[in-house]
Structure formats: C-alpha cells, structure tokens
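Student: Residues per chain are reported as follows:
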Amino acid sequence: MKAYENISLVKLKVNGETRDVAIRPADTLLRVLREKLGLTAAKPGCENGDCGACTVLINEKPVKSCMKLAVEVDAGAEIITLEGIKNSIIQETFLEEDGFQCGYCTPGFLVNAYALLKEHPDADDKLAKEWLESNICRCTGYEGIRNALKLAQEKLK
Amino acid sequence: MSEFKQIGRSFSRTDGLDKVHGKQEYVNDYQPTGLLHAALKISTHAHAKIKSIDTAEAEAASGVQAVITGDDFPVTLGLYMGDHPPLALHKVRHYGEPVAAVIANTEHQAKNAVELIKVKYEDLEVISSPTDGLKANAPLLHENMDEYTHIDAVHPEPGSNVANHTKIRKGEAAQAIADAEIVIEDTFSFPPCDHVAMETRAVISEIKANGNVVIHSTTQAPFTVKELLSFNFDIPVGKIKIIAPPIGGGFGGKAGIQLEGLGYLLTKAADGRPVKLVNDREEDMLSSPGHIGMEAKVRLGATADGKLIAAELDYHFDAGAYADYAVNVSNAAAISCTGPYDIPNVRCDSLCVYTNHPFATAFRGFGHVELAFPIERSMDLLAEKAGIDPVEIRMKNAIKEGDTSPTQSLMDANTGDLRECIKRAAKMINWDQGSFIKKDENKVIAKGFGLLWKSPAMPPNTGAGAIITFNKDGSLNLHTGIMEIGQGSKTGLAQIVAERFGTSPENIHLVQEVNTETAPHDWSTAASRSLMMAGRAALEAADDAIDQICRTAAIPLRCPPEDLIVEGGRVFLEDEPSIGLPLDDVVHGYVYENGNAIEGQVIGRGNYIARRLSGIDPETGKGRPSLEYTLGAQAVEIELDLNDYSYQIKKAVSCMDVGKVINPNLARGQVVGAISMGIGLARSEGFVFNSREQVVNGVLRDYKVLRYGEEPEYEIDFVETPQGDGPFGLRGLGEQGIIGIPGAIANALSRATGVKLNYIPLLPEDIWQSVKEASHNDSI
Numbered sequence: 001m002k003a004y005e006n007i008s009l010v011k012l013k014v015n016g017e018t019r020d021v022a023i024r025p026a027d028t029l030l031r032v033l034r035e036k037l038g039l040t041a042a043k044p045g046c047e048n049g050d051c052g053a054c055t056v057l058i059n060e061k062p063v064k065s066c067m068k069l070a071v072e073v074d075a076g077a078e079i080i081t082l083e084g085i086k087n088s089i090i091q092e093t094f095l096e097e098d099g100f101q102c103g104y105c106t107p108g109f110l111v112n113a114y115a116l117l118k119e120h121p122d123a124d125d126k127l128a129k130e131w132l133e134s135n136i137c138r139c140t141g142y143e144g145i146r147n148a149l150k151l152a153q154e155k156l157k
Numbered sequence: 001m002s003e004f005k006q007i008g009r010s011f012s013r014t015d016g017l018d019k020v021h022g023k024q025e026y027v028n029d030y031q032p033t034g035l036l037h038a039a040l041k042i043s044t045h046a047h048a049k050i051k052s053i054d055t056a057e058a059e060a061a062s063g064v065q066a067v068i069t070g071d072d073f074p075v076t077l078g079l080y081m082g083d084h085p086p087l088a089l090h091k092v093r094h095y096g097e098p099v100a101a102v103i104a105n106t107e108h109q110a111k112n113a114v115e116l117i118k119v120k121y122e123d124l125e126v127i128s129s130p131t132d133g134l135k136a137n138a139p140l141l142h143e144n145m146d147e148y149t150h151i152d153a154v155h156p157e158p159g160s161n162v163a164n165h166t167k168i169r170k171g172e173a174a175q176a177i178a179d180a181e182i183v184i185e186d187t188f189s190f191p192p193c194d195h196v197a198m199e200t201r202a203v204i205s206e207i208k209a210n211g212n213v214v215i216h217s218t219t220q221a222p223f224t225v226k227e228l229l230s231f232n233f234d235i236p237v238g239k240i241k242i243i244a245p246p247i248g249g250g251f252g253g254k255a256g257i258q259l260e261g262l263g264y265l266l267t268k269a270a271d272g273r274p275v276k277l278v279n280d281r282e283e284d285m286l287s288s289p290g291h292i293g294m295e296a297k298v299r300l301g302a303t304a305d306g307k308l309i310a311a312e313l314d315y316h317f318d319a320g321a322y323a324d325y326a327v328n329v330s331n332a333a334a335i336s337c338t339g340p341y342d343i344p345n346v347r348c349d350s351l352c353v354y355t356n357h358p359f360a361t362a363f364r365g366f367g368h369v370e371l372a373f374p375i376e377r378s379m380d381l382l383a384e385k386a387g388i389d390p391v392e393i394r395m396k397n398a399i400k401e402g403d404t405s406p407t408q409s410l411m412d413a414n415t416g417d418l419r420e421c422i423k424r425a426a427k428m429i430n431w432d433q434g435s436f437i438k439k440d441e442n443k444v445i446a447k448g449f450g451l452l453w454k455s456p457a458m459p460p461n462t463g464a465g466a467i468i469t470f471n472k473d474g475s476l477n478l479h480t481g482i483m484e485i486g487q488g489s490k491t492g493l494a495q496i497v498a499e500r501f502g503t504s505p506e507n508i509h510l511v512q513e514v515n516t517e518t519a520p521h522d523w524s525t526a527a528s529r530s531l532m533m534a535g536r537a538a539l540e541a542a543d544d545a546i547d548q549i550c551r552t553a554a555i556p557l558r559c560p561p562e563d564l565i566v567e568g569g570r571v572f573l574e575d576e577p578s579i580g581l582p583l584d585d586v587v588h589g590y591v592y593e594n595g596n597a598i599e600g601q602v603i604g605r606g607n608y609i610a611r612r613l614s615g616i617d618p619e620t621g622k623g624r625p626s627l628e629y630t631l632g633a634q635a636v637e638i639e640l641d642l643n644d645y646s647y648q649i650k651k652a653v654s655c656m657d658v659g660k661v662i663n664p665n666l667a668r669g670q671v672v673g674a675i676s677m678g679i680g681l682a683r684s685e686g687f688v689f690n691s692r693e694q695v696v697n698g699v700l701r702d703y704k705v706l707r708y709g710e711e712p713e714y715e716i717d718f719v720e721t722p723q724g725d726g727p728f729g730l731r732g733l734g735e736q737g738i739i740g741i742p743g744a745i746a747n748a749l750s751r752a753t754g755v756k757l758n759y760i761p762l763l764p765e766d767i768w769q770s771v772k773e774a775s776h777n778d779s780i
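Each protein sequence line maps, in turn, to chains A and B. Mapped onto the working numbering, the consecutive letters of the first sequence carry residue numbers 1 to 157. Mapped onto the working numbering, the consecutive letters of the second sequence carry residue numbers 1 to 780.
Take these hints with a grain of salt, some might be off.
As the list claims (entries may be wrong) - With a cut-off of at most 25 Å between alpha-carbon atoms, the simulated PhoX-like pairs for lysine-lysine come out as follows:
#: 1; chain 1: B; residue 1: Lys307; chain 2: B; residue 2: Lys208
#: 2; chain 1: B; residue 1: Lys23; chain 2: A; residue 2: Lys36
#: 3; chain 1: B; residue 1: Lys756; chain 2: B; residue 2: Lys438
#: 4; chain 1: B; residue 1: Lys772; chain 2: A; residue 2: Lys150
#: 5; chain 1: A; residue 1: Lys13; chain 2: A; residue 2: Lys126
#: 6; chain 1: B; residue 1: Lys118; chain 2: B; residue 2: Lys268
#: 7; chain 1: B; residue 1: Lys704; chain 2: A; residue 2: Lys126
#: 8; chain 1: B; residue 1: Lys23; chain 2: A; residue 2: Lys68
#: 9; chain 1: B; residue 1: Lys650; chain 2: A; residue 2: Lys126
#: 10; chain 1: B; residue 1: Lys51; chain 2: B; residue 2: Lys297
#: 11; chain 1: A; residue 1: Lys150; chain 2: B; residue 2: Lys443
#: 12; chain 1: A; residue 1: Lys126; chain 2: A; residue 2: Lys150
#: 13; chain 1: B; residue 1: Lys651; chain 2: B; residue 2: Lys756
#: 14; chain 1: A; residue 1: Lys68; chain 2: B; residue 2: Lys396
#: 15; chain 1: B; residue 1: Lys651; chain 2: B; residue 2: Lys427
#: 16; chain 1: A; residue 1: Lys86; chain 2: A; residue 2: Lys118
#: 17; chain 1: B; residue 1: Lys307; chain 2: B; residue 2: Lys423
#: 18; chain 1: B; residue 1: Lys704; chain 2: A; residue 2: Lys68
#: 19; chain 1: B; residue 1: Lys23; chain 2: A; residue 2: Lys61
#: 20; chain 1: B; residue 1: Lys443; chain 2: A; residue 2: Lys126
#: 21; chain 1: A; residue 1: Lys86; chain 2: B; residue 2: Lys423
#: 22; chain 1: B; residue 1: Lys756; chain 2: A; residue 2: Lys129
#: 23; chain 1: B; residue 1: Lys651; chain 2: B; residue 2: Lys704
#: 24; chain 1: B; residue 1: Lys385; chain 2: B; residue 2: Lys756
#: 25; chain 1: B; residue 1: Lys23; chain 2: A; residue 2: Lys118
Bear in mind the hints are in silico, worked out from the structure with no lab data behind them.
So here's chain B without its partners, still in its complex pose:
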C-alpha cells in the first residue's frame, strides 16, 4: 500500500477535455481587434553581403502599413551573447535569415508585398562545418565579436569563429591515455536539424498608449523574454507583459528569445497597433533556430579488463550563424562530457563554432543527447576491442555514489542506481538471448545499448515560485510561472499540492496561461526542472496556506493551531476529527454569527532556489553546476534488410532512475515521446545542404519525421532512488528519454552490418555506401 494518496497515480491531464474538443487556444488562434499582419522576406543565400534592398514597390502595394529592414533598427540581440540582429544587418549569415518585414492589413497583402521587395546580394565564402570554421584562413562570420556583450559564463574567442570554448581538465588525461592498455579513437558527426514542433512559432505584439509592451508569444520562457526585451530595447522591465498560453510543442525550440524582439519592432513601426507574425513551416525550420550539429573526436583509454581510466574529448559544435542557446549547449556537453561513466582522467574541449547554417538553440536533451552519441558509440568500440560484452563494460564503468563528475563534483547520496537501470534494460531487450541474430538470408536482427545521464543546464541562481489562492467553496487556485508545453507538469503540480491538502487534484484549479504581470517569477520551462523546482515552491506554498488555515481555525475552535490538520476539505483536530470546520468557512476569514470576522483570506506563498550551485572554472571546469543527475539505460532492437539496408526499429526500452514517479502515465508519455524523437534523430532527421549551404529539405515533405505505424514497441521502467531535495524525492524526466537512443540505434546497425556507423541520420542509402566503402577498404 502506498503511503501516498495522490502521488504515484495516473490522474487525467487537467488540460485534457479542452484539447480533445478543439477548445485549447494557442497564440495563432487569437485575433484581437485591429490586428495587422506581418510577413518576412528571407535570405536565399547562406553568406552574402547585402548590396541593396529596394522596398519602394512593396511600400506602395495595397494594404501595406510599413516595410522595415535591418537598417531601420540596427540592434543586435541575443540570449547569452548579443550577436543577432532581428533583421539582417549589412550581411546575411544563413539561408532563410529574415532580411525585411512587411506589415499590412491582411496576411495575404503582407505576403504579396514581400514578393515585391528586391534584395541584391554579393556572395561571400561559406563555412560549411565546424572543421571549416576552425581553419586558420576561414572567413570570419562575426568580425565584431569583441564588441558583443555576453554573460560571464560564455568564453568567445574574437578573431575566430569560436563563440564559446569550455574546458574540462580532470586528472592527467594525456598521460593516462599513454599508460592505457587499450585505447580507442574515432570521429563522429551529425548535421543540424529541427524540432518540428507542430505549432510554428507565433507572436502578437502591441504597444499601449502608456508605453506598455504587451506580447502574446509561443514561448517556454516568458520571463526570460521579458527580461531580454527590457535589456536589449531599454524598456523598463515592469512595462513589459508577456502572455503565454499553452504551446503546441516546445522541445527546447521555444526556450530562448525567438520572434519577440522582431515582434516589438513590428508594432513599433506600426504606431503600436497589434501585429501578428506567424512562421510558416519553412521559416520555422530555417529562419528560426533548430537542433545543433556536431563533429566529435573521442579517445578512450582503459585497462585490459575494460576499466576506463581516461578520456580525451574534442566536441566541435555546429552552432550555425548565431550563438543563441548553442553556446550553452556546448557548455552543458562539456560539463557532462563523459556520459555516466566513472573516468578519473578527463580532458574535454568543447567548442561552439559559427557556421553558415541555420542557427541552433536548445533541443530536448540539451548537450547530453549530443555527447551521448559519440560516447555510446565509443563504448561499443571499446567493448569490441577489449573483447567484453557491451552491457558488461557499461556495468563495469557506470557512475555511482562517491565517484566524481567531469567537473570534479562529488556524486552524492542522491545519485541514482544506474546498475539497476542497466540490469532492467538488458532484461527488457532480452540481451542474454543474443544481440545479433540472423533471421534468414536477407534479414538480420540486432540490438544496441546506450546509457544516459542529464543534469539541468541553468544559471546557479535559478528559482521558481508558487502562489495558492482560494475560492469561496474552499477549492484552490495554483499559480506558477510554469508553461504547459505538452509535458503535463501542471497536472503533476496539482497532484503534489493535492497530496499535501489531502484532497483530490480536481479541487486544485490551475492557471494554464502564464501572464508575467501576475504569475510568480520563473526562469524557464526547460531543463526538465519544472516538477522539481516549482514542485518545491508549490509544497512550500501549500504548507504556508495550511499554517494560515490552522491559525484562523484555531481561534473559533479554541485549540492550539498545531493540533489541527487539513484533509478532505476540512480543518479539524487530528485526535478528535469530529471537531473542525469546512475549509470554505476559514479560507476567506472566519465569520462569527453576529457578523464579526477575523483573519481574512488565505494566500499561500512558496519559492525555491537551486541549492549550493556554482559556475565552473574557465581553465579546469571545476565546479558544481548540476542540480541533479537523472541516470538511465536504454536499448533497441532493429531488423535490417540486407538487400537494401532499410530497417525497422522493432522495440525500444528504457529504464531511468527518476527518484519518484508522480504520475505514471504522464511519466511514461514523456519517455516514449522522447524516445521517438531520438529515433527521428538516428533514422532520418538532418538538414541536407547543397554546395552553397542552402537547405534542400526545409519542408516536411522532404524532411522525414517518424509517422504513425513506424513506431516501435516501447517498454518503459523506472527505478526510484529518492532525490533528497526533490519534492517527494523526484528528479527530472522530461527530456532524458531521447539521450541514449541515437547511440543505441547506431550501435545496433553497426552490429547488424559489421561496419562502423559513426554518423546519424542513418539513411539506408548511406548505410549501403558505408558497407560498400568498408568492403572496398578491406579488399585493398
């Protein structure tokens, strides 16, 4: 029997009925009075000087209110580094970059006028990869890098294309590699791609008569947007209001500042009237940011029996044209660079390199899914070289309590039980029945394994808040700054508060939309931190409200407040439950028969701020940047057709130590969804560039995502080693399920073909090519 009544139960989502009846409103569903519409002129070149922009004809077109270009508002914005003009200034740095915007009475007038804008470009040499960007004679994408403002934690290298360089120095890696009995070394890569959230980004912006700026946005981070707009446009922060209804998928793509800066300029150009800008799919994939690309070099050193002693890691990230979140993705990848393995000697240089690709932002897994691909492939290569089973070598090296992380931070008593996760994942995938099975002459079944770990990459002072107010019937309203992005955190928060109040989550009314004017401050709905951090805040708010309820009730009940408890909609004496009051008699003040009233309404207040976190040392990476680590193990089974190298992913399994599962169905949904995105990365998702670095698959007809019926059978399990500082012992789980999957799939396909497949996406044609090349090399 569970000690809990609401925790660990699969309550239906609080937003469910609206969503299955088409009543959930998203930003683009709003049509305020007096709305104007904007459309973008986007670059057809990946790197070019803008010789001229002729807007005369567009300005004269029917219904047009204004046409703006970069020259009208020569500003640069940025999340961590101010390198990004909302409209290209003097040159374009990636295909699809916005160069001009039209504001018109209707959307189709705006789009028609965009066609009348004439831009003359002069091509510049393109940077097509991090390797390209790091060459000594590479063209500089940002000549004025030294003038950009940036946060202290980012270390740009002006005069180069390096936007950030994070160093990890733990022990003596080079020496340890030289001493190692087994060394493997290889390179790995994947191209940039996109989140493909089903809702494209949208913004409606307006400036009120008193100068207040009101922006409706598809954002995961309304408070970050508000603060960055204030910083970049010098608007007092209290005069900015961001309204963020639930969004149609985030996956990190809506976590930074996106269209809001441009949205502000649009309404400014239109005399403050409300202007709507909605990305079409191509703009959402190319003009707005996507998933980072990577080139990695891994060298692992181990003893003869497969115990890791050293890692030398060079992670070169393809940031694309602007830094955005990419500079922190590369930083997070350095902080967790080894994956969940105990390695005493580590050197990692993680470079965030500008290229002429669409730029990168946060993406589910944030640095960890990226580092896990080269690391998990390398672990299989090491296993092969050492002649040890891939699961056994992971078991042998799995990180545990008492080990240290790459930042030399102690893995404390809250460290999850990774070995138990490995054991369960191996059982679910039937590893002991063989990882390579020849089904018939044409078909091979192979299995692959991948471990994961993830910590939130966030500022050390990240906080969350919660406020509880009451309705006259005694039911609660829970206010937080957490965004509903599909993950269902609000349902989990309601369960947490309901548990404390001894009531059902149905009695907790949730404020779905976040309005930065009224919601308590919250950093961002990102980093899989919502349930942990806002959960702590909500618990504190609940306890605060209960204290007030007991204090008020104690007066008419004539008892010490500490003898009272709250449960089932009543406050009563714990040892004499018949003596008590219904909550609705107390939460708005107690009223005596003669009309006298006391105490007034209950307002519960709670907050939480990350505990004892620090930045990292710029030379060694030493520090304590990680709130917690979620650990886990994943595996896949694939069936490969040896005739054409097409394959199906038959089964995907995952076991993670999440501390405590609050809502089993929602938790499973997060892991399954994340696995499917991992399959997407491994199987088909990647931008294809031509020789001019134009993206040739920037629409969903050519950019292939997983479709219904292509999904594997999923098997999901959780281990619950409590996180001491997490509410009810929980830790984050929203992103993690993606992390081990690309490596596991590449491992399975490498096993199936007998050829090293060190890249993703693994398209059948590319596998065929790799097999052909390998057999060619063998025959030489």
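This is chain A alone, in the form it adopts within the complex:
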C-alpha cells in the first residue's frame, strides 16, 4: 500500500488565531498542533484514543486530537488548546485542590473539564464520570480532580 504523500496547505483557527500550515493528509491534529504550531500543551499518551491526554476543543466540544486528522477539521472551526484557556476557574481550582502531580495528563483533563463546566455547569457525579472517564491520570487517584471540579462548580454558582 502506498501512502498518500502530497502536502496540502490548510488554514486552522487555533486559540483565536488563523494559522496556515503545510501538512500531510495523514497528519493528526495532535501532531500538527505540537510539531507545526509549537502548541505542545496537548500531549501524546497513547495516540490510540484511550487516554485523553491530547484532548482539545473543536467548537467547544472536547475531541481527542490524536484521533482526528488535521485535514478533517472544518474550515473556520474554532480549535482551543490549553494554551488558549487562561486563568479559568477550573485552572484555579486544579491548583487549589491538587488536581495534578506530574502534570502530563493535566492539559487534556483541564480542557475536558472546562468544556463540561461550560455545557453542564451543574453536572452530577454520573455526568462528570461520563465526561471525564475518557481521560487517564496515574498520579492523583482522581481525588484532587474530583474536588477541583466540585469547587469550580461552587465558584461558578
């Protein structure tokens, strides 16, 4: 089998800026963000859609960027990485409640939790589990993350 090698020029709207990038059709959004645009917050953890470390927002919905080809992203779609989220309540509460240790899964978890709070500010435990069980953290035992989410919900009230 021969891979399709031609380079395409695409426009991606990332964190509010429109960027031109030359990519291969097989390049994932994760690799383009990290390697072409220097936005390294989103992390490769499995590149198989299992761990969520690569989560970014596309039009406010969390997406595993390792499972998405960059050429698939609709023209004009708003891509937000953790670099595009500054001083949000959930970042504040992650700090207060020790929602992280090594920090590697943190960008994915934060982006996911940020979207959850926007769409379902009153999410109960069941809904929060539905959203956040797509991300793996090996350090915290999830206690700090759960507490950070709850504290953010209180602060947003």
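Based on the hints, put chain B in the right spot on chain A.
Tutor: For chain B alone, kept in the frame of chain A given last:
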C-alpha cells in the same frame, strides 16, 4: 500553635501555574534544530533465534539516514548486571524486544522504513513463569551469565535462570515451624504489569564536535544514567551531560537506565546529529520495562494465641528477560521479607528468575508491595485458623522498637508507632461495626486490612547535595539533583529552606530541570528518599549560607557574628532587632559608601550521606541495609455483587507514621495516588500472555487502569513519631501508600466470597471461577 512557620503547611506546588497552563515542557516537547527521528523494529516473538535481518530496503527508503541492528554495536548494558544488549543480539528474549532501529529525517519516514525491515526468527522454547524457569531441564535464557559483569551485592547462579538469590537466615525457622501450634502454608501469585506513566519514555541524544555526549532524557536518575553510559561505552564521565526536565510520571519506571544507551548508539550512527526516540504506548509497555511478577510460598508458624514464631518464605520473582532493577527488587523483598511483624525465626530465599516476559524494573513500593501481598493474605489465613480477629492478630505481632528486622538489625528509637496506625485505620474503616455485612440478597459488603513497611533499597553510600546561591534582591536559588516526577519534593525542599531562613517558600527559587553538569550529585529520585536526604543537604546548605551572611554582616554592624540571626529577609541582632541589614546588602558582599567591598557572594553548600549502613551477608542476610522504615496500616471496604462478582471499592483508608508531615496536601496526594495504583494492581492490571508468551493486552484499550469515577472515598491520616536523623524528623512517604492495598483488597474479597483468593488482579470472571472451583472441591 506550631513551632514552625513553613513546615506543616500546604503551600501550592512551585510548578503549579506552569502545569495548569500547559507551559511545563517535557522531553518530547523539545524540537532542537537539525533533529533526526528514530523508530524501532520490535520482536514479534518471545524467545527466538534471529536467523537474519534484511535492512536493504529500509536503508534505501526515502529520508533514511541509517539503520542499525545488534550486530552493529555488540554490547551488553545493565544497571546492576550487564546482561542487556540495547538491540537484540543473535536472539530475542521477550515479545516487544527492539531488534533494529531506523534513523530518518522525519518520524514518519523512520516508521515507514521500519516496516521494510525483514527479520527471520527461529522459535525457541519459552519460559512462562519462575516455576518454569527453575525446572531442571529449562532452557537457559542467558547461556553466558558467568561472563556478565555485576555488582557485588547481586548473586547470579550461572547455568540456571536465577539472576539473583538473596538468603535470609534468622534463628531456626524450620525447627520453630515444627514446634508451632498453628501453621499455615499457601501459595500466591501475580503476573508482570506496567507503570503506565502518562508520559512515555523519550530521549534526545547528540554528540558534540568535542566528543561531549548530551542527552535529554525522561529519567528519575540522571546521574546514574551518566555513570552507566560512561562505564558501558568507555566515555570519560565528565564528557557526558544528562539534561532532565520534569517527567510525566515515574513510579520507578524511569529510575534505571532506559533508552539512553540506545540513544547514544543512534546519534553515533548519525554522525553525532541530534536524534529523538520516543516510545509509543505499546513500546513503553512491552519494549521498556514494567512491574515484576511473583510466585510466593509462605509458611507461618504461631503459638495457639496467634503470636508469630517463624516464617519460611520462598519468593520467586518473574524478572522477565533482563535483570535491570529486578535483581534489587528481589533483594529488597528479602531484606523486608516478613512485612512489619516481629518474627524471631525467619528463612527467606528470594530468587530473581529470568523468563520470556517483558523485563521488570523498579516499581512504586520496590519489593515491599510485592512481599506485602503474600504476607498480608497469610496473616488473614493465620487469623482465621487461630480464630482471632485479623486486626487483633496484626496488633499482637506488629513490629516495634527493640525488635529486630529480618536482617537482624535492631529497630531503633526511630521506629514508628505501628500500633497507633492500626488503631486509627481500624477506626477509619469502622472495623468494629463488622467486616462482613450482607447488604441484601445480591450484595455483600466486606472489609480487608493490610499493614505496610518500607525502607529505601539503595547503596549504603547513597548521598545527596544542595547548593544555595543568591539573587541581587536577596532571594535564594536552591540547586539539587532531585527530579520533579510529580511528587512535589522540590516544594517540600523549598519549605525546609524557607523555615531555616525565616522567609516564605516563594522567596526560594527552584531549579526545576536537572543538568548533571551543574547540579550537585544525587543518586536517584527513587526509594522515597528525596525529602529526607536532599532535605538534610538543603538544611546544611542553608546553615552554611546563614553562617556566611552573619559573618559578612558582623563586620559593618560591628558585632560578634553569633549574635546575629536571619529572618524575614534581614540579618539583625537577635536581642536588638532594629540593628541589622537587609539580605540584599550582604549576600553579594557588603559595599561601604566609598565603594570599598568586603566578603563577596554567599554560596551555601550542603551534603548528606546515609549513616552507618552496610550490605548484607550473602549466606545469612545479616546487616544494616535500611536507612529508615516507614510503617503503616491500611484498609478497604468493598461491595461485591454476588450475581456477576463485579465489585466496587467504596472506601480506602491509610495511616502511616511518617515522622513529620512537611506539606499536608502534597503528602495526602502521594498517599492517595499510591493507593489508587495499589487498587490498579489488585483490580485489573496484569499482562495477559498467550501460549507463545506474547502479551495480548499491550495497549490501554485492553490493559484496564483505574478511571475517573471508579476511585473510592479516601481517608488519610498520619502519625508523627520523629525520625531522629530526618530533617524536622521526617521520613519517606511517596511510595508507601501502595503497599498494603493489594493484600487488603484480596482479603476483603476473600471474606466476601468465602473463598481463598491468593492472586491478583482479581477480575470478576476469575473470582467467579475460583468460587466455582471451591464449591466443586467442597462437593467432592
């Protein structure tokens, strides 16, 4: 009111803001100029002769700079024993073993070329377990074991598959067992598994024009890596620089030498140009090392009232294909073989056995989580046989000051209060309200207990260093060789120094990245030793800096230096605080009005080396190898569904005697995180092998880890019996929380089902099978 201002307070992590804004850089985030990329061809066989490797097509592929195989660099490396070629030599010994590497201009070119390499294998008989490896007619995994170099503390047995054999002989165990009124004997096991640090291992290596080797690595042990590269490749050690930014999870998996040796060969093959190699998840689980497996046989002897008098312990570890840290894990398990119990007569033979599994390295708990599983299960079996409550029998036998360890070393005045820990853990789990409760027809609630102890397993001459320099505003820079691996030790070290300086930790600037060219030497960020050992060094550096500050300030202040103290950014007369100077007037030398200057900059210097430690006797195990012992008690409450044997861990509690808690939130985070890893081991984490010893669950879709919402309610407590030689009385706590959990969960599930569950992971289907077998046996 606390006597301390900075110790015992939950300061925010010094690396926190960067981490929650995606600004923390890890090795794989670096993209230096001129970077080449490497990819690995890995073995599809667990044990096979390599008949041929055809690299011609790969070499001709687009963008390829070089293709290398084991034959290009026929060397063997090792941490404690030099048994491991960076690329397989003549044969492969485990599924996933790297056999060739491609270096290309881009990563995808490298990966494409890997597909063009053709390897021909001839299958060899596989060793699937320690039992298999110990059979008289077992194939030898390492025929040339007698030629391997190894450290003195390792005792390999050439002509067999035993990579290390540690013996403990204390008292007369066999006789005492024969005399015992109650004896229990059983076997226990668990398979190898993986750390699953979220960051996979990565390395960027380069050789400079002057021959200097520069390696960026995801390592917990930059100095160990540097020294082993020098030893194995005959490079002067001063010409090697390891740069180690904070890592995305260690858990022991990055504590030895990992990809760095191969990284050096890659850049060598590419004319010294920088080459990046990043494990994908499958490689990280299979090609790089994981958690050791084990088969254990335990025999305990006790008096009729449940007092332990003897233990006979056979620990057979599944090291996998290479020795790496496994030979010391098995050694550490022997040194602490009884768990935290006072047993006068002990025999332990701890064997580290080669098998055709992915190889093992350090893992959180290092030998202690492994030994605790068979021991804690056995304590419950003993309690049952003696008709004594499981908590009471642990209380009765808990080790205390004045007892001796399995290595016949006296438990000194620094021994923690294990009985208090047991008491508190029992209270937290409401043990007195019952350990078996039938909730309804389908659901059972059961509780299980597990004790823990842990000492650092490290060379007796392990040391740490600290340097304090100053900025012009009087703030401090603290340099150590300690790695930030998520544990937050640097924040704790800042608190320790801040306490001495009477300032806030915000005024202590931490050098996050470790560069072996500039950082003081440090053995490894492992063994839960950082805060204790580097903490002692940091205290000494702080005192040294304060002495210099007082000496300089005493000259213009015209007073004896011993009358001065440092606090709140000033140096002043203790009994007349208005007479003094701000630190920024002193730390870079005092300057008089006319421009004359005296004394110059302050550089604080401190070190610490482990005190009065020794190796152990090869025949009896007698010696003093343990810096300190952290003791503790843990318990869980589970809810089991009797229809399908699925279960939830509702609550996990832990109480450890850590001497002194420096940062309560960070301490809690370490214990909670460790408990969650213990739950992982007990609940679901283990490699599954097919009949050819290929791993069939080497990706995170099939290898199940704990997910958000599956965690229990955690309740954590600490007892503070000071460690006399620890800074502010502290001892290690980073790994310990994992240790008692697998045993506690297996005890709870055994209680819930009424069936002996002596293995982990405890998958519902396996529990169902065990229950079925037990009822079948009963009916015979």
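Student: Is the Cα-Cα distance between Lys86 (chain A) and Lys118 (chain A) 25 Å or less?
Tutor: holds (15 Å)
Student: When you check the alpha-carbon spacing of Lys650 (chain B) and Lys126 (chain A), does it fall within 25 Å?
Tutor: Within the cut-off at roughly 16 Å; holds.
Student: Is the Cα-Cα distance between Lys126 (chain A) and Lys150 (chain A) 25 Å or less?
Tutor: Given that 25 Å is the threshold and the Cα spacing comes to 13 Å, the pair holds.
Student: For the pair supplied as a hint, Lys86 (chain A) and Lys423 (chain B), is the alpha-carbon distance within the 25 Å limit?
Tutor: violated (46 Å)
Student: Does Lys756 (chain B) pair with Lys129 (chain A) here, judged by a C-alpha cut-off of 25 Å?
Tutor: Roughly 33 Å between the alpha carbons, so the hint for Lys756 (chain B) and Lys129 (chain A) is violated.
Student: Is Lys23 (chain B) close enough to Lys68 (chain A), meaning Cα to Cα at most 25 Å?
Tutor: holds (23 Å)
Student: Is Lys651 (chain B) close enough to Lys427 (chain B), meaning Cα to Cα at most 25 Å?
Tutor: holds (13 Å)
Student: Please work out if Lys307 (chain B) and Lys208 (chain B) have their alpha carbons no farther apart than 25 Å.
Tutor: Roughly 64 Å between the alpha carbons, so the hint for Lys307 (chain B) and Lys208 (chain B) is violated.
Student: Is Lys443 (chain B) within 25 Å of Lys126 (chain A), Cα to Cα?
Tutor: holds (21 Å)
Student: Verify the proposed pairing of Lys23 (chain B) with Lys118 (chain A), using a straight-line Cα cut of 25 Å.
Tutor: It holds: about 23 Å lies between the C-alpha atoms, which stays within 25 Å.
Student: Can the restraint linking Lys68 (chain A) and Lys396 (chain B) be considered satisfied, given a maximum Cα separation of 25 Å?
Tutor: violated (59 Å)
Student: Would the hint linking Lys772 (chain B) and Lys150 (chain A) be met if the CA-CA limit is 25 Å?
Tutor: violated (43 Å)
The structure fails to meet hints 1, 4, 5, 10, 11, 14, 21, 22 from the earlier list, while all remaining hints are met.
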